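J.: Full structure from sequences and hints, please.
As they're listed, the protein sequences go chains U and P.
Mapping to numbering that gives the first Met the number 0: the first sequence position 251 is 250, numbers consecutive.
Mapping to numbering that gives the first Met the number 0: the second sequence position 91 is 90, numbers consecutive.
The set of hints was computed from the structure by calculation and includes no laboratory data.
Since we're looking at a predicted model, the values are computed, not measured.
Where hints are given, some of them may not hold.
Straight-line C-alpha distance at most 20 Å; calculated DMTMM-like pairs for lysine to aspartate or glutamate [claimed, not checked]:
no., chain 1, residue 1, chain 2, residue 2
1, P, Lys-46, U, Glu-30
2, U, Lys-319, U, Asp-163
3, U, Lys-46, P, Glu-153
4, U, Lys-137, P, Glu-184
5, U, Lys-212, U, Glu-186
6, U, Lys-46, P, Glu-30
7, P, Lys-19, U, Asp-159
8, P, Lys-19, U, Asp-238
9, P, Lys-46, U, Glu-153
10, U, Lys-225, U, Asp-159
11, U, Lys-229, U, Asp-154
12, P, Lys-229, P, Asp-278
13, P, Lys-46, U, Asp-154
14, P, Lys-19, U, Glu-30
15, P, Lys-261, P, Asp-172
16, P, Lys-48, U, Glu-252
17, P, Lys-187, P, Asp-204
18, P, Lys-229, P, Glu-111
19, U, Lys-46, P, Asp-44
20, P, Lys-48, U, Asp-238
21, P, Lys-46, U, Asp-44
22, U, Lys-217, U, Asp-172
23, P, Lys-224, P, Asp-300
24, P, Lys-137, U, Asp-64
25, U, Lys-19, P, Asp-159
Stretch by stretch, here's where chain U covers chain P in the computed footprint (C-beta under 8 Å, at least three residues) [what the hints assert, rightly or not]:
no., segment
26, 67-79
27, 95-102
For every residue, glycine included, the Cβ atom is placed at its ideal position computed from N, Cα and C.
Listed below, chain by chain, are the residues.
2 protein chains.
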Amino acid sequence: MLENTGRTELSSLGEFGLIKHLTRFIEIKNESTIKGVGDDAAVIDFKNKLTVVSTDMLVEGVHFDLMYVPLKHLGYKAVTVNLSDIYAMNATPRQITVSFAVSNRFSVEAVEELYAGIITACNKYKVDLVGGDTTTSKSGLVISITAIGEAAAEDLIYRDGAKDGDLLCVTGDLGAAYIGLQLLEREKKIFLENPGVQPDLDGHDYILQRQLKPEARKDIPVLLKKLEVKPTAMIDISDGLASEILHLCTQSEVGCNLYEDKIPIDPSAYNMTREFNLDPTVCALSGGEDYELLFTIDQSDYPKVKANPDITVIGHMTHKKEGMNLITKAGTTYPLTAQGWDSLLNKIA
Amino acid sequence: MLENTGRTELSSLGEFGLIKHLTRFIEIKNESTIKGVGDDAAVIDFKNKLTVVSTDMLVEGVHFDLMYVPLKHLGYKAVTVNLSDIYAMNATPRQITVSFAVSNRFSVEAVEELYAGIITACNKYKVDLVGGDTTTSKSGLVISITAIGEAAAEDLIYRDGAKDGDLLCVTGDLGAAYIGLQLLEREKKIFLENPGVQPDLDGHDYILQRQLKPEARKDIPVLLKKLEVKPTAMIDISDGLASEILHLCTQSEVGCNLYEDKIPIDPSAYNMTREFNLDPTVCALSGGEDYELLFTIDQSDYPKVKANPDITVIGHMTHKKEGMNLITKAGTTYPLTAQGWDSLLNKIA
Chain U
0 MLENTGRTEL SSLGEFGLIK HLTRFIEIKN ESTIKGVGDD AAVIDFKNKL
50 TVVSTDMLVE GVHFDLMYVP LKHLGYKAVT VNLSDIYAMN ATPRQITVSF
100 AVSNRFSVEA VEELYAGIIT ACNKYKVDLV GGDTTTSKSG LVISITAIGE
150 AAAEDLIYRD GAKDGDLLCV TGDLGAAYIG LQLLEREKKI FLENPGVQPD
200 LDGHDYILQR QLKPEARKDI PVLLKKLEVK PTAMIDISDG LASEILHLCT
250 QSEVGCNLYE DKIPIDPSAY NMTREFNLDP TVCALSGGED YELLFTIDQS
300 DYPKVKANPD ITVIGHMTHK KEGMNLITKA GTTYPLTAQG WDSLLNKIA
Chain P
0 MLENTGRTEL SSLGEFGLIK HLTRFIEIKN ESTIKGVGDD AAVIDFKNKL
50 TVVSTDMLVE GVHFDLMYVP LKHLGYKAVT VNLSDIYAMN ATPRQITVSF
100 AVSNRFSVEA VEELYAGIIT ACNKYKVDLV GGDTTTSKSG LVISITAIGE
150 AAAEDLIYRD GAKDGDLLCV TGDLGAAYIG LQLLEREKKI FLENPGVQPD
200 LDGHDYILQR QLKPEARKDI PVLLKKLEVK PTAMIDISDG LASEILHLCT
250 QSEVGCNLYE DKIPIDPSAY NMTREFNLDP TVCALSGGED YELLFTIDQS
300 DYPKVKANPD ITVIGHMTHK KEGMNLITKA GTTYPLTAQG WDSLLNKIA
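T.: Here's what the structure looks like:
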């Protein structure tokens, strides 16, 4: 994948040459961006709004496998997972900084691919790339992105505002990114055992796209405003539904009843879980990387969201002493605890 | 160094446990910090000031060697090198985010040491740690820090404002961090060849401190205000004097005459360069990691800075067509070019 007809060594450009080369087409899209790449720091003017900042690090061999992740997709995903955190605050991302460490096994062309994905995401989400750092590494690729956004104080939504009786809602569907990863891992294994066999990925566009090129839900803050619903708490789903519910409950000091039969799962993902002998609910609960938004709303807002195809009510918040529970399709109640997902998942799988 | 009487495995805490453990003593120091660690993003309120953002990545084996860099010092340095960029904008740092990737060879105690250094720097520079990401790596340690500051629009100093005739000034002294590194490398080599021999670092406190625990010049923006001097351009010295002069000249579209005999070098660093058969000027020009500030001022401001012990005038800016030149102690003029430092340095060394 890193081979190219024309391979240019990173050392031929040097750090400053590489930065200049990669950033040559950057155009500023936001009024708030006063100074972008090229000085000791970027300068941003949010006037009377608040600044919102989030950061994520992606490490080769931990968060991605370059055997099946194209570098352009990786760059794109590295940006969207960061922007997802900003949307989860009900804020608007405006700028990002991008740092990466690459070893000599990457050519300039490879880094260009990575950067092309980053720029594509910046264009789609209308954020400005305003700074970063480029360095060598002794082994793998590491990408660290910081996203900066803005919000009016009254629009911000934290994790700690959910209250007993609130409805628990989720956008889109869950588990597909995880099952997409299982498919890629299976085809990688087959390929390694039989290098002549081409990967069989046909007809799995949706789950592959969810894994390789996830989108951040920039439409949801807009939709919520249109529906005149302000969630009481919100978080994005990066580690899996169960883990995010835990964060909301812990920080809001409430309990939760989650209904298994309400969890939205795409039919193509559902079918593939069966092919892999996995439980679709387990994939949704623990799979992660869906980058959907999970939020709680006051019961009185239910009529405003109930007919919306982008929002599913999957449970409700309870008193803290009732704990976090999963109500299965069979009507059984299992406690969702911080530790021991595995044993729980074995039970329902 | 990573061994400890009580070693706790990272896996025993998990990511969220580790973050909670490390951030338990964080106290918010700035009014502008509305929300710190613990949500999808941090929230900052700079009211009518501008936001300034800078980011740096440090990679094991590239930027530091854990054989002689204590983790606490590493954490401290990772923060100060970022803050240095904010001061170089004549801005005040207020918040940082810290991401790091660590492998299993690090214990919880080792990560605590790293974090202790980060917190010590935060306390000293009165910045709030407001977010970050903690992940595993397959091999080395990678630290990525983003610093966020504030400034009134009229106070900001960019790299592109230097003009023909301006005086070139530098704070503190140069080259000591580089010669400190040479000393550490020498003692490491001796130790590897003869593990029984203890490193001989006595009497070299200054150069070692400059390398292992550099400070950012937070006093300089204050001093400049007191002196009623606003530099026309400013940059911090991370890559070496020559490289930073190049940035100022390129972005300001001017030339420069730098006088070798004016470059401030600490006597202890000077003596050590001789012990290593290195040229002190070469160390100052190319050594880097001094984290002093390099700036240009209008000639009319000369009386305000000339008697100040923290500021040295080392040259002046010229018309772009005259290029960048080093005037040696012998009175010879050598062009300072973007490429080919090595050949130049061989000439003057």
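J.: Each hint should be assessed against the structure and marked as holding or not.
T.: Status of the hints after comparison with the structure:
With a C-alpha separation of about 17 Å, the suggested pair Lys-46 (chain P) and Glu-30 (chain U) falls inside the 20 Å cut-off, and the hint holds. A threshold of 20 Å between alpha carbons decides the hint, and for Lys-319 (chain U) with Asp-163 (chain U) the separation of about 8 Å falls inside it, so the pair holds. A C-alpha spacing of about 15 Å is found between Lys-46 (chain U) and Glu-153 (chain P), which places the hinted pair at or below 20 Å, so the restraint holds. The straight-line distance between the Cα atoms of Lys-137 (chain U) and Glu-184 (chain P) is roughly 18 Å, inside the 20 Å bound, and the hint therefore holds.
Taken as a hint, the Lys-212 (chain U) and Glu-186 (chain U) pair is honoured in the structure, with Cα atoms around 18 Å apart against an allowance of 20 Å. In summary, the hint linking Lys-46 (chain U) to Glu-30 (chain P) is supported, as the alpha carbons are separated by about 17 Å, within the 20 Å threshold. Between Lys-19 (chain P) and Asp-159 (chain U) the CA atoms are separated by roughly 16 Å; this keeps the pair inside 20 Å, and the hint holds. The hinted pair formed by Lys-19 (chain P) and Asp-238 (chain U) meets the criterion: a straight-line CA distance of about 17 Å does not exceed 20 Å.
Taking the CA atoms of Lys-46 (chain P) and Glu-153 (chain U), the gap is near 15 Å; set against the 20 Å cutoff, the hint holds. Of the supplied pair hints, the one linking Lys-225 (chain U) and Asp-159 (chain U) is violated, its CA atoms being roughly 23 Å apart against a limit of 20 Å. About 8 Å separates the Cα atoms of Lys-229 (chain U) and Asp-154 (chain U), which keeps this hinted pair within 20 Å; it holds. Restraint check for Lys-229 (chain P) and Asp-278 (chain P): not satisfied, since their Cα atoms lie roughly 33 Å apart, outside the 20 Å limit.
Proposed proximity of Lys-46 (chain P) and Asp-154 (chain U) is supported: the alpha carbons are some 16 Å apart, at most 20 Å. Taken as a hint, the Lys-19 (chain P) and Glu-30 (chain U) pair is broken in the structure, with Cα atoms around 37 Å apart against an allowance of 20 Å. Restraint check for Lys-261 (chain P) and Asp-172 (chain P): the C-alpha separation of about 11 Å stays at or below 20 Å, so the hint holds. Only pairs whose Cα atoms come within 20 Å are accepted, and Lys-48 (chain P) paired with Glu-252 (chain U) is rejected, the gap being roughly 36 Å.
The straight-line distance between the Cα atoms of Lys-187 (chain P) and Asp-204 (chain P) is roughly 17 Å, inside the 20 Å bound, and the hint therefore holds. With a C-alpha separation of about 41 Å, the suggested pair Lys-229 (chain P) and Glu-111 (chain P) falls outside the 20 Å cut-off, and the hint is violated. A hinted pair counts as satisfied when its Cα atoms are at most 20 Å apart, and Lys-46 (chain U) with Asp-44 (chain P) qualifies at roughly 10 Å. This hinted pair does not check out: Lys-48 (chain P) and Asp-238 (chain U) have alpha carbons roughly 36 Å apart, beyond 20 Å.
Taking the CA atoms of Lys-46 (chain P) and Asp-44 (chain U), the gap is near 10 Å; set against the 20 Å cutoff, the hint holds. Pair hint Lys-217 (chain U) plus Asp-172 (chain U) holds up; C-alpha atoms about 16 Å apart against a cutoff of 20 Å. This hinted pair checks out: Lys-224 (chain P) and Asp-300 (chain P) have alpha carbons roughly 12 Å apart, not beyond 20 Å. Under the criterion of a C-alpha separation no larger than 20 Å, the hint pairing Lys-137 (chain P) with Asp-64 (chain U) is consistent with the structure, at around 12 Å.
As the CA atoms of Lys-19 (chain U) and Asp-159 (chain P) are separated by approximately 16 Å, the hinted pair is consistent with the 20 Å bound. Counting residues of the segment 67-79 of chain P whose beta carbon lies closer than 8 Å to any beta carbon of chain U gives 0, which falls below the threshold of three, so the coverage claim is violated. With 4 residues carrying a beta carbon less than 8 Å from a beta carbon of chain U, the segment 95-102 of chain P meets the three-residue requirement, and the given coverage holds.
In terms of the numbered hints stated before, the structure departs from hints 10, 12, 14, 16, 18, 20 and 26, listed from lowest to highest.
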